[in-house]
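Chemist: Single-letter residue listing:
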Amino acid sequence: MGFSARDALSEFWTSRTSKMGVALIVILFGISAYVLVSYPLNFGTQYWNKPQHWADYPKGVPPSWTQTFSSVRKPEHMILTTDVSEKRTRGIMTIDFNINFDLRADIFPQFTSFSLSDLTFYDTPPIIHLTLTKPDGSKIEDLLVESVPYPPSGQEPPYVKYVESPLRVYMPGSPAVRNAIAGYLRTEFGSTLTPLEIRNMGLEQFLFGSPDEEGEFTNIVEGTYNLEVQVEIFHEDDTVGSVKFVVGGQVYGFMGTDTLGRDLAVGLLFGFPVALFIGFITSTLTTIVGSVLGITSGYMGGRVDELIQRVCDVLNTLPQLPILIFLVFILGQNIWNIIVVLVFFGWSGLTILIRSMVLQAKQEQFIEASIASGASSRWIMARHIFPQVAPFIFTQMIFFTPGAILAEAALSFLGLGDPTLPTWGQILERGFQTGAIFLGYWWWIIPPGLLIVVTSLCFVFIAQGLEPVVNPRLRRMR
Amino acid sequence: MMVLKIRDLYLYYQTLRGEVKAVDGVSLDIEPGEALGLVGESGCGKTSMSLGITRLLPKNVETYKGSIELEGVELMTLTNEQYRNDVNWQKISMVFQGAMNSLNPVLKVGPQVAEPLVIHREMKEEQAKVEVLEIFDKVGLPPETYDRYAHELSGGMKQRVVVAMALILNPPFVILDEPTSALDVSIQAQTMNLLKRLKKERDIAMIFITHDIALSSDISDKMAVMYGGHIVEMGSAEQVILSPKHPYTEKLLASTPRLRSYSQPDFIPGAPPDLVNPPTGCNFHPRCHMVMDICRERDPPTCYPEEGQRVECWLYGDKNE
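Line by line, the protein sequences are chains F and H. Each residue of the first sequence is one higher than the one before, counting from 1 in the numbering used here. Each residue of the second sequence is one higher than the one before, counting from 1 in the numbering used here.
Everything hinted at is true.
Listed below are several chain F residues computed to face chain H (Cβ distance under 8 Å; list not exhaustive):
#1 364
#2 368
#3 369
#4 370
#5 374
#6 379
Straight-line C-alpha distance at most 20 Å; calculated SDA-like pairs for lysine to any residue:
#7 F:362 with H:55
#8 H:108 with F:390
#9 H:59 with F:360
#10 F:362 with H:60
#11 H:108 with F:382
#12 F:362 with H:61
#13 H:108 with F:379
#14 F:362 with H:100
#15 H:59 with F:305
#16 F:362 with H:57
These aren't lab readings, by the way, just hints derived from the structure by calculation. Glycine included, C-beta positions come from ideal geometry on N, C-alpha and C.
Modelling step: build the complete structure from the supplied sequences, incorporating the hints.
Modeler: Dropping the structure here:
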């Protein structure tokens with residue numbers, strides 16, 4: 001008969017499901033804590049939903065570990081940054097950067113781009129020269145020559161540029177690069193390809209390939225490449241912060257990218273705390289509202305009871321999802337609106353359950369004794385009724401959590417998620433809208449789906465483990 | 001001054017079959033330190049009367065009137081709020097039938113006993129604990145009991161806890177509603193001794209409700225016999241037990257088995273009256289062995305055949321009145 005907290009804990013701990021649930025929830029909380037510490041809170045607006053931020057990332061590529069299962073070596077995506085520069089004066093003044101990188105792959109990189117940030121100059125704007133040296137020694141001189149535009153009149157030196165957004169040149173789109181390659185091909189191989197033809201054929205093969213017998217650039221030159229960045233300056237105090245060269249690969253990171261180039265690993269990680277937040281806040285609020293109203297309804301009886309129960313009936317009869325969609329559409333796609341709507345439609349079932357338990361509990365003689373001792377209804381509800389139903393309320397709270405997570409995912413999947421907070425449901429929705437399923441972008445669809453399922457499962461495990469603690473009939477004999 | 005003075009208390013319930021006259025014009029007086037034993041068959045209105053005094057009225061009460069004066073204060077005119085704040089447990093406390101049901105199984109025993117102190121005296125739990133341990137000592141409970149749950153205690157201990165709870169605010173008046181019915185005989189004796197001791201030490205007036213006349217005689221100074229919502233006989237314990245006047249009391253006493261006598265226990269024919277349609281005249285007339293014509297027609301008068309003994313019966317009344 002005696003059942004202390006320690007007994008409850010050991011009963012809970014004996015079942016394998018609860019151990020699994022606890023292990024999973026520890027992992028979930030660990031990841032969420034890491035994300036909360038390391039991510040900015042405005043991640044959604046500042047980074048995730050800002051295409052500029054993802055410009056240097058490959059579009060729609062699978063995770064890099066998929067290479068292990070592939071016989072074709074795809075190029076790894078490389079973002080090469082350096083701020084180590086050297087100032088030289090050889091007739092003209094230059095600031096030089098050197099970037100070395102290894103390329104080993106069977107397929108050409110997707111694209112290349114160059115960026116420069118934090119430029120300060122005092123006189124004539126600097127001119128940027130790029131020279132690429134292949135591992136076989138051949139050089140593409142002045143692959144890119146880019147002059148910084150003059151500052152608008154009225155500004156005084158020093159002119160500071162490219163602090164917020166860098167100077168970025170997307171190489172396949174740059175006529176200067178095409179011309180440089182055409183010149184390189186003419187002098188090196190005697191080829192007569194025009195710049196336009198080069199663009200249409202894709203200029204990566206000329207940057208990273210060498211011609212075969214038929215003169216087609218199908219061989220990839222493997223080895224260490226060198227990119228020399230010379231910034232020609234006209235005042236000795238001019239400075240350049242850093243330069244970046246991106247070799248667009250065909251695999252990226254741990255989770256791949258979507259068609260906007262967003263790193264899915266980052267988005268999925270951010271989904272952890274958001275999912276737990278929605279789950280916990282919604283389930284807590286739902287159980288608080290549900291149990292307060294349930295206890296009041298059951299204990300007070302009469303008109304109050306009637307009113308609460310009829311409201312419950314109405315809420316239970318209304319079809320939830322259409323109303324959810326409707327209300328979120330009207331109230332606006334905000335995480336708090338979603339939570340409020342979920343709570344508003346979630347409490348009624350619990351209230352009916354709790355009421356029926358309270359109806360039984362209030363018949364006990366110790367309640368009558370308490371009334372005789374002059375206790376107020378509030379006191380009796382809080383001190384005598386609530387402890388009777390508290391274990392049940394607690395398990396219900398855990399049971400509600402996955403429901404809330406799934407409901408939010410459903411809303412997000414229908415395009416009604418909070419656009420400022422990336423969630424798993426929203427990642428799924430973007431994937432679905434973009435046709436990821438038909439394009440075979442499985443890394444965009446399966447991980448968020450699995451995460452939603454696993455997170456919900458974790459709470460179901462725990463609730464199942466708690467079930468025998470709360471309901472003694474399910475307790476196993478030992 | 002009387003501790004409790006009840007005059008013409010009526011308590012009728014509304015049921016689907018009609019009005020149930022559970023308490024039908026009851027009057028009684030209790031002096032300080034006096035114990036009134038209230039005996040009667042099941043369903044004769046004993047418990048209804050105690051509920052009427054403590055205002056623990058069920059929802060279906062139809063009529064609730066009369067006068068209840070506690071230490072000179074009329075209770076019937078108080079609002080529920082006033083009653084709850086000023087009278088409940090401070091002036092009238094109650095020990096319910098079945099101690100195990102009077103304790104919340106999920107709370108520790110000590111804080112439950114302390115509850116009235118927290119509610120009425122606005123004490124902190126630590127202060128209240130001191131008083132609770134004091135009263136535990138009085139009723140013979142070890143201090144460890146404070147942190148026990150109800151299911152960890154024996155029946156006798158639970159009964160002591162419930163008694164302690166009733167006495168915690170030191171009320172002048174306690175209603176004991178069959179406090180020993182669910183206990184075995186040895187624990188019954190223990191509890192009775194405890195109650196007798198407390199009554200003597202603390203000078204508490206009480207109503208002791210039971211259907212066991214022998215048990216009642218053990219503690220009562222005065223006894224009242226209830227039948228069909230009426231108090232049919234009331235007097236000192238000696239008067240009622242040694243020279244019962246009402247035929248019902250006689251029969252009730254005769255139905256008690258004796259240890260040292262060869263007489264068979266007698267029984268009362270028939271069944272207790274239906275309180276929805278009570279018999280005309282005297283409630284008891286269908287079962288009475290001394291029934292007269294007038295009993296069937298007119299309500300019996302209140303007679304005083306001896307000093308301090310009150311009977312409602314035509315045997316002692318003036319039939320020509």
